[in-house]
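Protein chains in written order, with full-length UniProt numbering: chain A, 1 to 462; chain B, 1 to 541.
Check before you lean on any hint, since a few could be wrong.
Unchecked claim - Derived DMTMM-like pairs: lysine to aspartate or glutamate, alpha-carbon spacing no greater than 20 Å straight-line:
#, chain 1, residue 1, chain 2, residue 2
1, A, LYS347, B, ASP109
2, A, LYS185, A, ASP173
3, B, LYS146, A, ASP249
No wet-lab data here; the hints were simulated from the structure. Remember, predicted model here, so these are calculated numbers, not experimental data.
Listed below are the residues making up each chain.
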Amino acid sequence: MFVLLQDVQKHSVHTLVFRSLKRTHDMFVSDHAKAVALDDQSYKMKMAVKMRAEYKPVLHMPVLKEGRERGPLHASDPYGQLGYPLPGALPHYLVTGTHPYPSAPGVALTAETQMQKMPFLNSGLLPRKAPTMPKPQWHPPWKLYRVISGHLGWVRSIAVEPGNQWFVTGSADRTIKIWDLASGKLKLSLTGHISTVRGVAVSTRSPYLFSCGEDKQVKCWDLEYNKVIRHYHGHLSAVYDLDLHPTIDVLVTCSRDATARVWDIRSKANVHTLSGHTNTVATVKCQSAEPQVVTGSHDTTIRLWDLVAGKTRATLTNHKKSVRALVLHPRQYTFASGSPDNIKQWKCPDGNFIQNLSGHNAIINTLAVNSDGVLVSGADNGTIHMWDWRTGYNFQRIHAAVQPGSLDSESGIFACVFDQSESRLITAEADKTIKVYKEDDTATEESHPVNWKPEILKRKRF
Amino acid sequence: MSLASFLPAPTQLSQDQLEAEERSRLQRSQSTALVSTRREPPPYGFRKSWVPRSLEDFGDGGAFPEIHVAQFPLEMGRKKRTSNALAVQVDAEGKIKYDAIARQGQNKDKVIFSKYTDMLPKEVLNEDDPELQKPDEEAVQELTEKTRSALEKQVSQKIAAAMPVRAADKLAPAQYIRYEDSQNINLNKGLAFNSGAKQRVIRMVEMQKDPMEPPRFKINKKIPRGPPSPPAPVMHSPSRKMTVKEQQEWKIPPCISNWKNAKGYTIPLDKRLAADGRGLQTVHINENFAKLAEALYIADRKAREAVEMRAQVEKKMAQKEKEKKEEKLRELAKMARDRRAGIKAHGDKGGEDTEVRERDEIRHDRRKERQHDRNISRAAPDKRSKLQRDQDRDISELIALGQPNPRTSSEAQYDQRLFNQNKGMDSGFAGGEDEMYNVYDQPFRGGRDMAQNIYRPTKSADKDMYGDDLDTLMQSNRFVPDREFSGADHGPRRDGPVQFEEDPFGLDKFLEEAKQHGGSKRASTSGRSKDYDHEKKRRKE
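So that you can see chain A by itself, here it is in the shape it has in the complex (with noise of 0.2 Å):
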């Protein structure tokens, strides 16, 4: 006889069912509807004893050839069931119905399509263990360590350099200032935009600096010069966003008068004006794989063009609030959208949706990602989250002081990008300054424990 060591736990109800709840959450959280895997011996034994309770009379007879050969030939039950997935049975049984990530309901089922075998039949093996919730990766916290003042307005868009030596930024005080970055010592100052300046770029192919302002001007800075060598005109409002194609040499404009457009750098031709939005449009970005341009509205839609065309790929409707935030994943084939609501991942090329990330309950006005995973949103009330980009867990909220002489009110943050080394963060706020953020060495992981609750019980609103 033993002596338990510890007493039993008497538990509430509530707690009972909620445990047996996420045990079988753990268990089906992969495939809602794929069956339960069949287990091979406990099937055997069901069979023997059904065989032998209510067939005994009519085993000894003949089983005949017909019967064997009608079997296989019928691919599918007569009765249009899913067939369990059998131990044992012949390689080319084949299950209907199951396909991850199912593209589209307009997409025609093939016959690749629609049948999809079953891994572990092929080889043998037992079925599967089921995936438990993802754990998300531990990630230092991100600490303040300079302070940048010099701007004499907002503080609206920032750029980084690609050689990582300089980086640019674009302030309501209607000049762009060239900072270094190592020092944070201001290196050159221009003037030129009647009004606020909303988004500066830096090409990867050659010396060009764009700028774009809330006075409808987008120009081109050649950076041997200093000066203003192109202006792209025809936007009818304010230009709030702008970003280069990686690959062709093409600038992608958005603006205030619910177009984004389309521009040839070297001849200044507006090639094509990407029309469909109801409302302003307040991001944009480029990249060279499919879609080719993202943009996010005020109208609360995210759409995916085709650049050859001109014309909207997919329309993603699933924010409730203006959309003003996109970042593309520097790895995956992946990108986030950023709303008052809740900040959305979603898959390229066509727009699946992934996963919410909720908790900053604010005006998100940018968002930044790293290679390691690591997703920073920043707030129009001065807060940064910084999130786990795979599972969506919150490690870290930050809300920096203002500036002295600064009133509370006054910080916000307009744009936010990591250097190109990707450990340093440079965020642009509304108290004038810039501020740079890096990695905090001391941090282990039993000093900032991962406290990750996922949400199970709750129901999703969508």
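Following the hints, put chain B in place on chain A, whose structure we already have.
Relative to the frame of chain A, chain B by itself:
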């Protein structure tokens, strides 16, 4: 390992199984056939009593004009009531396509999310999962090239449209195409068609564009935009209803300016001050006021203490001085006493000396005073001496000061009481008679002078008051108080405001006599003087 494999075959097939067998047989037969058989209408000439009734009767052709029956091959020609209802469509698997509405005007391949499962979060995948990887380099490069060429074509078109006229482009060389009629290969057409040949060779050349040709179409016409593509299905729950309470929270009161009132509204005062923020501010008084007040109190107290101390010190000093002086005086007195008492021997000279000295002192003092006065009069002549000052004083002042009248008359005046001092008991004093005025023997100035000294209006002085006609005014009869009878004596001209008549009753004389007689009272005269109630007489008295 299914159950059926262990059991013997059933001897009788059920209805379901029969149907299933027939279906599979059909499938098998369909899959092997190359050409499907269809019901064909009877050929031309054999259609006498034949009427096409169903769609298959038409075969793959159209209506038959020789059969006089309404025919609708492929349902064409029937009057349809147009509705914008979409027919229910079914996809390849047999499931109804519910998103056909969302895909109305668009390509079948276009990506549109309309199912509930599109909204659900997907499983979190590992980072290395092939689903999440970017397409490989070659695919990306291919795409880039395709895009770039397409964009360049667009750009060049736009630029060419703006560029001036150039020489005509060189055309590409001609293309030759061999054409064979695949459908009607075996049809015997004879020489009529294609000159009997089975094939044709076609030469295709791009048509030359005239470089000087102006644009063919007018593009300045403004036409309304076409309908937009159907809106994408909304993939989120509808926004929550606004409760009345929440709506009230966001209400902004109208702006009532302290400066502008464009429409001239009359707004009650409490509304005018409502937006001022009066109730929200707490009045902050700087603490330095309190500090100042305290500092003043302290300073005051310190000053008082200092003053007190100083006063005390001074008092002590004064006392000391006084004591010293007293000492000195005591010593002097002692000396004097000693001198007088003990040291009288050589004190005589001293005594005489003292008297002489005193008289000398007095003389000295008086001389000094006289000099002082002379100096003052020389130095400040305005500051007159006492005698000079009193000369200009008014008589009332002199009376008040009790000083003698400077303008004494040439003859000395004597008090009447000095005369007739040997008269007797009732002389001089007159027994306390009040009304007898007997102090002086002659009047002070005499009646004659009095009138002259009294104010008389002159012509020049009153011009601004009375105007130019002063003479007429003066001689006007309108303001005569007493209108006498015509013919009455007008009387003498006035000599002043108060006109003294010639004494008709001889009262003047009478009074003078009375005075000279010493003022013994006579009842009859006094009584008569009282009866006579003329104003002027009374005044004189």
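> Can you list which hints this structure breaks, lowest number first?
Replying inline: none
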